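There are 2 protein chains.
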Amino acid sequence: MNKEEFIQLLQDKKYKTAQNILSEMNDMDTAAFLEELDAKECALAFRLISKEKAANVFSCMSSKMQTYLVDMFSETELKELLDDLYMDDTVDMLEDLPANLVTRILKNLDSNKRSTINKLLKYPEDSAGSIMTTEYVTLKKTMTVKQAMNHIKDIGIHKETIYTCYVTESKKLIGIVTAKSLMTSDDDENITNLMNTNIISVHTHTDQEQVAHLFRKYDLIAMPVLDSDGCLVGIVTFDDAMDVMVDETNEDISRMAAMEPNEKTYFETTVWQQAKHRILWLLVLMFSATITGSIITRYENAFSAVPLLVSFIPMLMDTGGNCGSQSSTLIIRGLALGEIHFKEIFKVMFKEFRISLVVGFILAAANGLRIFIQYQNFNIAIVVALSLMVVVIVAKLIGCILPLFANKIGVDPAIMASPLITTIVDTCSILVYFNIAVHVFNIVV
Amino acid sequence: MNKEEFIQLLQDKKYKTAQNILSEMNDMDTAAFLEELDAKECALAFRLISKEKAANVFSCMSSKMQTYLVDMFSETELKELLDDLYMDDTVDMLEDLPANLVTRILKNLDSNKRSTINKLLKYPEDSAGSIMTTEYVTLKKTMTVKQAMNHIKDIGIHKETIYTCYVTESKKLIGIVTAKSLMTSDDDENITNLMNTNIISVHTHTDQEQVAHLFRKYDLIAMPVLDSDGCLVGIVTFDDAMDVMVDETNEDISRMAAMEPNEKTYFETTVWQQAKHRILWLLVLMFSATITGSIITRYENAFSAVPLLVSFIPMLMDTGGNCGSQSSTLIIRGLALGEIHFKEIFKVMFKEFRISLVVGFILAAANGLRIFIQYQNFNIAIVVALSLMVVVIVAKLIGCILPLFANKIGVDPAIMASPLITTIVDTCSILVYFNIAVHVFNIVV
Numbered sequence: 001m002n003k004e005e006f007i008q009l010l011q012d013k014k015y016k017t018a019q020n021i022l023s024e025m026n027d028m029d030t031a032a033f034l035e036e037l038d039a040k041e042c043a044l045a046f047r048l049i050s051k052e053k054a055a056n057v058f059s060c061m062s063s064k065m066q067t068y069l070v071d072m073f074s075e076t077e078l079k080e081l082l083d084d085l086y087m088d089d090t091v092d093m094l095e096d097l098p099a100n101l102v103t104r105i106l107k108n109l110d111s112n113k114r115s116t117i118n119k120l121l122k123y124p125e126d127s128a129g130s131i132m133t134t135e136y137v138t139l140k141k142t143m144t145v146k147q148a149m150n151h152i153k154d155i156g157i158h159k160e161t162i163y164t165c166y167v168t169e170s171k172k173l174i175g176i177v178t179a180k181s182l183m184t185s186d187d188d189e190n191i192t193n194l195m196n197t198n199i200i201s202v203h204t205h206t207d208q209e210q211v212a213h214l215f216r217k218y219d220l221i222a223m224p225v226l227d228s229d230g231c232l233v234g235i236v237t238f239d240d241a242m243d244v245m246v247d248e249t250n251e252d253i254s255r256m257a258a259m260e261p262n263e264k265t266y267f268e269t270t271v272w273q274q275a276k277h278r279i280l281w282l283l284v285l286m287f288s289a290t291i292t293g294s295i296i297t298r299y300e301n302a303f304s305a306v307p308l309l310v311s312f313i314p315m316l317m318d319t320g321g322n323c324g325s326q327s328s329t330l331i332i333r334g335l336a337l338g339e340i341h342f343k344e345i346f347k348v349m350f351k352e353f354r355i356s357l358v359v360g361f362i363l364a365a366a367n368g369l370r371i372f373i374q375y376q377n378f379n380i381a382i383v384v385a386l387s388l389m390v391v392v393i394v395a396k397l398i399g400c401i402l403p404l405f406a407n408k409i410g411v412d413p414a415i416m417a418s419p420l421i422t423t424i425v426d427t428c429s430i431l432v433y434f435n436i437a438v439h440v441f442n443i444v445v
Numbered sequence: 001m002n003k004e005e006f007i008q009l010l011q012d013k014k015y016k017t018a019q020n021i022l023s024e025m026n027d028m029d030t031a032a033f034l035e036e037l038d039a040k041e042c043a044l045a046f047r048l049i050s051k052e053k054a055a056n057v058f059s060c061m062s063s064k065m066q067t068y069l070v071d072m073f074s075e076t077e078l079k080e081l082l083d084d085l086y087m088d089d090t091v092d093m094l095e096d097l098p099a100n101l102v103t104r105i106l107k108n109l110d111s112n113k114r115s116t117i118n119k120l121l122k123y124p125e126d127s128a129g130s131i132m133t134t135e136y137v138t139l140k141k142t143m144t145v146k147q148a149m150n151h152i153k154d155i156g157i158h159k160e161t162i163y164t165c166y167v168t169e170s171k172k173l174i175g176i177v178t179a180k181s182l183m184t185s186d187d188d189e190n191i192t193n194l195m196n197t198n199i200i201s202v203h204t205h206t207d208q209e210q211v212a213h214l215f216r217k218y219d220l221i222a223m224p225v226l227d228s229d230g231c232l233v234g235i236v237t238f239d240d241a242m243d244v245m246v247d248e249t250n251e252d253i254s255r256m257a258a259m260e261p262n263e264k265t266y267f268e269t270t271v272w273q274q275a276k277h278r279i280l281w282l283l284v285l286m287f288s289a290t291i292t293g294s295i296i297t298r299y300e301n302a303f304s305a306v307p308l309l310v311s312f313i314p315m316l317m318d319t320g321g322n323c324g325s326q327s328s329t330l331i332i333r334g335l336a337l338g339e340i341h342f343k344e345i346f347k348v349m350f351k352e353f354r355i356s357l358v359v360g361f362i363l364a365a366a367n368g369l370r371i372f373i374q375y376q377n378f379n380i381a382i383v384v385a386l387s388l389m390v391v392v393i394v395a396k397l398i399g400c401i402l403p404l405f406a407n408k409i410g411v412d413p414a415i416m417a418s419p420l421i422t423t424i425v426d427t428c429s430i431l432v433y434f435n436i437a438v439h440v441f442n443i444v445v
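Chains as they are written, first to last, in the UniProt record's numbering: chain A, 1 to 445; chain B, 1 to 445.
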C-alpha cells in the first residue's frame with residue numbers, strides 16, 4: 001500500500017477500506033506508515049485504528065507525532081488511549097511532551113495510575129526505576145497451577161509481560177515462576193514447588209546499563225525491580241533492556257568520535273544540533289593540538305638543519321594516534337561490557353606493553369628499512385625507527401591507562417577516547433622525535 | 001561460597017554439601033564458578049550437578065572447558081548430556097570443538113538429531129540458519145486452546161521457547177499464536193481466531209545482523225525462519241539475537257579503531273593475537289601517512305621561508321582528522337542501525353556540507369583570532385583560518401562519502417573509519433594549507 005493511494009482513500013472518505021488496510025499491518029509498521037502522512041491525515045487515520053491496537057501503535061510513534069495527536073484528541077479519546085497504554089510507555093511519552101499536555105494527561109488518568117506515574121517520573125534518569133513498568137503478574141505461593149492460570153486469565157491481558165510471574169509475600173519477592181513451568185505442570189501442582197527462589201533482581205536506582213548487562217548474561221525476558229526494603233515495585237522487560245544496550249553503545253561511540261551523544265537519528269537531528277554536538281570537542285582538541293605546534297617551533301633549528309625531519313611528523317603522529325586509539329577502544333569496550341575492571345590496570349598495562357613491543361618493533365623495522373633504502377641516510381632511519389618504537393609504547397600505555405582512570409573517578413571512559421588520546425600522544429611523539437633527532441644529529445637547540 | 005572452601009569440600013569428599021551449594025546457584029553462575037576450578041576438579045564438580053541443570057550449565061561454559069569435559073565424559077554421560085542440550089547450543093559447541101570430539105559427539109546423537117545438526121552446521125556463517133534452533137512448538141489451526149495447551153504440556157518441556165507457537169499447514173507457516181493469548185483465552189476458543197496471520201519471518205540465509213534489527217524493531221521473543229519454499233525450519237530466540245547485536249557492534253568498533261575484529265574478550269586474547277589484529281592496519285596507515293610527509297618535503301622552501309608554518313601542521317591534521325571521523329562515525333552507525341541508506345547520499349552530503357560551514361567558520365574564527373593576537377601576524381592568521389575552513393569541509397565530505405560507498409560495494413563501512421579517513425584527510429589538509437600559504441606569502445616552490 002503506498003502513501004498516495006491511502007491519502008486518496010481518506011479523501012474519498014473510503015474509511016472502511018482504509019481501516020482494513022491499517023488493521024492488516026503490524027503495530028510498528030502502522031506507526032511508521034502514519035508518520036509519513038501529514039499531521040491532519042495522520043490524526044484522521046489514527047482514529048480508524050481499532051481500540052485494542054491504537055495504544056500500541058501510539059507507543060511506536062515519534063514524540064513529535066505523539067505530541068500532535070494528544071493535542072488533537074478529545075478528552076474521551078485521550079482517556080481511552082491512556083487506559084490501554086502501558087505504564088512505561090506513558091512515562092516515556094510524558095518525558096518528551098510539553099508541560100501543558102503533560103498536565104492535561106495527568107488530569108485524565110485515574111488517581112492511582114496518576115500516583116504510580118508520578119512515582120515513575122521521579123526515578124533518576126538512566127536508573128532501573130526510570131525504565132521499569134509497574135504492570136506484572138503476582139502470585140501467592142499457596143496457589144495451585146490451576147488457580148495461578150485462572151488468575152492470569154483474569155488479569156493477564158492487561159499486563160505487559162505474563163511470561164515471568166512473581167510470587168510475593170506481603171509485597172516481598174520470594175520466588176519466580178515462569179509461564180513455561182506453569183504451562184507444563186499439572187493443574188494441582190503447588191506454586192511453592194515450581195517457584196525458583198534464587199532470584200536475579202535489581203534496585204530502582206541500579207544503572208540501566210547494569211540492568212542490560214544482567215539481561216544479556218542471564219538471557220532474561222523480564223527482571224524484577226525492588227525498592228530499598230526489598231519489595232517488588234516493578235519489572236524491566238527485555239525489549240527495553242535491548243533499547244538501553246543500543247542507546248548506551250551509541251553514546252559511547254559518539255563520545256569516542258569526540259561528539260556529544262544524541263538519542264535522535266541522523267536525519268532527525270538538525271544541522272544546528274549536529275554542529276552543536278560536534279563543535280565543543282573540536283575546539284578543545286584544536287587548541288590542545290596547538291601545544292604540539294608550539295613544541296615544534298622550539299625545534300626550529302632542528303628542522304632548518306635537517307629539513308627532511310619535518311616530513312616524518314605526520315607519519316609519527318598518525319601512527320601514535322592509531323596505536324593509542326586501538327588500545328583505548330579495546331579498554332573502553334571492555335569496561336562497557338564489564339570484561340575489564342580498574343583493579344586489573346597493571347595486568348592491562350603489562351599486556352599493552354608487550355603488545356607494543358611486538359607492534360613497535362615491526363613498524364620500526366619496516367619504516368627504518370624503507371627510509372634507509374629511499375634516502376640512503378642511516379641517521380634519519382635510526383631516528384625515525386627509534387622514535388616509532390618509543391611512540392608506540394607510550395601511545396599504547398596512555399591509551400589503556402586514561403580510560404581506566406576515567407572509569408575509576410566516575411567519568412565516562414569513552415570521553416578519553418581516540419581524539420583526546422591522539423592529541424596527547426601527538427605531543428609526546430613530537431618531543432620524543434625531536435629529542436632523539438637532536439642527539440643523533442647533535443644539533444644545538 | 002569461595003573457590004578454596006569448595007575445593008576443600010571436594011577433597012574431603014563432602015559431595016552432598018558441594019552438590020547443594022551448586023544447586024543453589026543459577027546455571028550461568030555455576031558455569032562461571034566451575035570455570036575457576038582446574039580441569040579435574042571442574043569435571044568432578046560437573047558430575048555433581050543435577051541432570052536437568054547439567055545441560056544448561058554446560059552450554060554456558062567456555063569452549064575450552066567444554067572440550068575438556070566432552071573429552072573426559074564416558075559414552076553414557078555424553079549421551080545423557082546431548083539428549084538435554086538444545087540444538088543451537090550443540091551446534092555452537094560443535095563449531096568450536098576439535099574434529100575427533102565432533103565425530104565422537106555425532107556418533108552419540110540419535111540419527112534424526114544428527115541429521116538436523118548436520119543441516120544446521122551447513123548454513124553459512126552469520127546467517128539466520130546458523131543461529132536458529134529447530135526446537136519450537138507447532139500447532140494445527142483446527143485445535144482449540146485447551147488442545148493446544150495440552151499439546152504444549154506434552155512436548156513443551158523440551159522446547160527452547162514455548163511463548164510463541166507456530167501454526168503450520170503441511171509445514172507452511174500460516175500463523176503465530178503467543179502463549180499470552182493462549183493463557184488469556186477460553187479453553188474452547190479456536191486457534192484460527194487467535195492466530196496472527198501477518199507474520200514477521202526471515203529466511204535461512206538472511207544475515208544475522210538483519211535478524212537482530214527485526215528483533216529490535218518489533219520487540220520479538222522469537223522469530224520464525226523459513227526455507228526457500230516458505231516452510232518453517234527453525235526459530236531464532238531473542239537471547240541469540242541480543243548476542244548477535246553485541247558481536248556485530250564489537251566488530252564495527254574494532255574496525256573503526258583499525259583493528260581486526262575478534263570475538264574473544266580482551267584477556268582471552270593472547271599478546272600475539274592482539275598484535276596480529278592490530279599490526280596490519282598500522283602498517284597500511286603508517287605507509288600511507290608517509291605520502292603526506294613526501295608532500296611536505298615539496299614545500300620545503302615554504303617552511304624554510306616561514307618556519308612558523310610548520311607549527312600549525314599538527315593542529316590542522318588533528319582537526320581535519322577529528323572532523324572526518326565525526327562524520328564517518330555517524331554514517332557508519334546510521335548504516336549499521338539501518339537509519340541511513342546509500343540512496344540518501346546527496347541528502348547526507350548536503351547536510352554534512354552545511355554542518356561543516358557552521359563548524360568550520362567557528363573553528364577558523366577562533367583560531368585565526370588567537371593567532372593574530374599571539375603573533376600579530378595577519379597573513380599567518382588568514383592562511384590558517386582559510387585552511388581550517390577548507391579542511392573541515394573536505395574532511396566532513398570525505399567522512400560521509402567513503403563509508404556510504406564502501407557499504408554500496410559490499411565492503412564493511414567500518415573499514416572506512418576514523419584512521420583511514422584521517423590519513424586521507426591529512427594529505428588534503430597539507431596540500432590545502434601549503435597551497436594557500438604559498439599564494440598568501442607568494443613563495444616560489
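Everything labelled a hint here was simulated from the structure, so no lab data went into it. Computed from a predicted structure; not experimentally measured. Be aware that one or more of the hints could be misleading.
[As the list claims (entries may be wrong)] Here are the simulated lysine-lysine pairs, DSS-like style, with alpha carbons at most 30 Å apart:
| id | chain 1 | residue 1 | chain 2 | residue 2 |
| --- | --- | --- | --- | --- |
| 1 | B | K141 | A | K159 |
| 2 | A | K180 | B | K276 |
| 3 | B | K180 | A | K153 |
| 4 | B | K3 | A | K180 |
| 5 | A | K180 | B | K408 |
| 6 | A | K64 | A | K141 |
| 7 | B | K408 | B | K276 |
| 8 | B | K408 | A | K140 |
| 9 | B | K172 | A | K180 |
| 10 | A | K343 | B | K3 |
| 11 | A | K119 | A | K146 |
| 12 | B | K146 | A | K140 |
| 13 | B | K146 | A | K146 |
| 14 | A | K408 | B | K347 |
| 15 | B | K146 | A | K408 |
| 16 | B | K16 | A | K146 |
| 17 | A | K64 | B | K347 |
| 18 | B | K122 | A | K159 |
| 19 | B | K107 | B | K140 |
| 20 | B | K172 | A | K217 |
[Said to hold, decoys possible] Some chain A residues well away from chain B (every beta-carbon gap over 12 Å; in silico):
| id | residue |
| --- | --- |
| 21 | M25 |
| 22 | M28 |
| 23 | K107 |
| 24 | R114 |
| 25 | M143 |
| 26 | Y166 |
| 27 | K171 |
| 28 | A257 |
Every residue gets a Cβ at the ideal spot worked out from N, C-alpha and C, and that includes glycine.
Okay, the hints, checked on the actual structure:
Between K141 (chain B) and K159 (chain A) the CA atoms are separated by roughly 26 Å; this keeps the pair inside 30 Å, and the hint holds. Taken as a hint, the K180 (chain A) and K276 (chain B) pair is broken in the structure, with Cα atoms around 46 Å apart against an allowance of 30 Å. For the hint pairing K180 (chain B) with K153 (chain A), the CA-to-CA distance comes to about 9 Å; that is within 30 Å, so the pair holds. With a C-alpha separation of about 33 Å, the suggested pairing of K3 (chain B) with K180 (chain A) is violated against the 30 Å cut-off.
Distance restraint check for K180 (chain A) and K408 (chain B): the Cα-Cα separation of roughly 45 Å exceeds the 30 Å cut-off, and the hinted pair is therefore not satisfied. Proposed proximity of K64 (chain A) and K141 (chain A) is contradicted: the alpha carbons are some 45 Å apart, above 30 Å. The suggested pairing of K408 (chain B) with K276 (chain B) holds, with an alpha-carbon distance near 28 Å, which does not exceed 30 Å. Taken as a hint, the K408 (chain B) and K140 (chain A) pair is broken in the structure, with Cα atoms around 57 Å apart against an allowance of 30 Å.
Our distance criterion of 30 Å between C-alpha atoms is met by K172 (chain B) and K180 (chain A), whose separation comes to about 25 Å. Note on K343 (chain A) and K3 (chain B): the hinted pairing holds, with a Cα-Cα distance of about 20 Å set against a maximum of 30 Å. Distance hint between K119 (chain A) and K146 (chain A) is unfulfilled; the C-alpha atoms sit about 34 Å from each other, more than 30 Å. Distance restraint check for K146 (chain B) and K140 (chain A): the Cα-Cα separation of roughly 24 Å lies within the 30 Å cut-off, and the hinted pair is therefore satisfied.
With a C-alpha separation of about 13 Å, the suggested pairing of K146 (chain B) with K146 (chain A) holds against the 30 Å cut-off. Between the alpha carbons of K408 (chain A) and K347 (chain B) the distance comes to roughly 42 Å, so the proposed pair goes past 30 Å and is violated. At most 30 Å may separate the alpha-carbon atoms for a hinted pair to count; K146 (chain B) and K408 (chain A) exceed this at roughly 56 Å. The straight-line distance between the Cα atoms of K16 (chain B) and K146 (chain A) is roughly 35 Å, outside the 30 Å bound, and the hint therefore fails.
Annotation: proposed proximity of K64 (chain A) to K347 (chain B) holds, straight-line Cα distance about 22 Å (limit 30 Å). For the given pair, K122 (chain B) sits about 41 Å from K159 (chain A) by alpha-carbon distance, which is inconsistent with the 30 Å threshold. Taking the CA atoms of K107 (chain B) and K140 (chain B), the gap is about 34 Å. The hint is violated against a cut of 30 Å. Between K172 (chain B) and K217 (chain A), the direct Cα distance comes to roughly 34 Å. Violation of the 30 Å bound is thereby established for this hinted pair.
Distance check for M25 (chain A) against chain B: the nearest CB is about 7 Å away, which does not clear 12 Å, and the non-interface claim fails. Interface exclusion of M28 (chain A) from chain B breaks down, the closest Cβ pair being 5 Å apart, not more than 12 Å. Every beta carbon of chain B lies more than 12 Å from that of K107 (chain A), the smallest distance being close to 30 Å; the non-interface claim holds. At the 12 Å boundary, the C-beta of R114 (chain A) stays outside the reach of chain B, the nearest C-beta of that chain being 26 Å off.
Its beta-carbon lying about 15 Å from the closest one in chain B, M143 (chain A) satisfies the requirement of being farther than 12 Å from that chain. For Y166 (chain A), the requirement that its beta carbon stay farther than 12 Å from each beta carbon of chain B is met, with the minimum near 16 Å. With a closest Cβ-Cβ approach of about 24 Å to chain B, K171 (chain A) is found to remain outside the 12 Å limit, as its non-interface label requires. Here A257 (chain A) does not stay apart from chain B, with its beta-carbon only about 4 Å from theirs, under the 12 Å limit.
This entry does not satisfy hints 2, 4, 5, 6, 8, 11, 14, 15, 16, 18, 19, 20, 21, 22, 28, going by the numbered hints stated previously.
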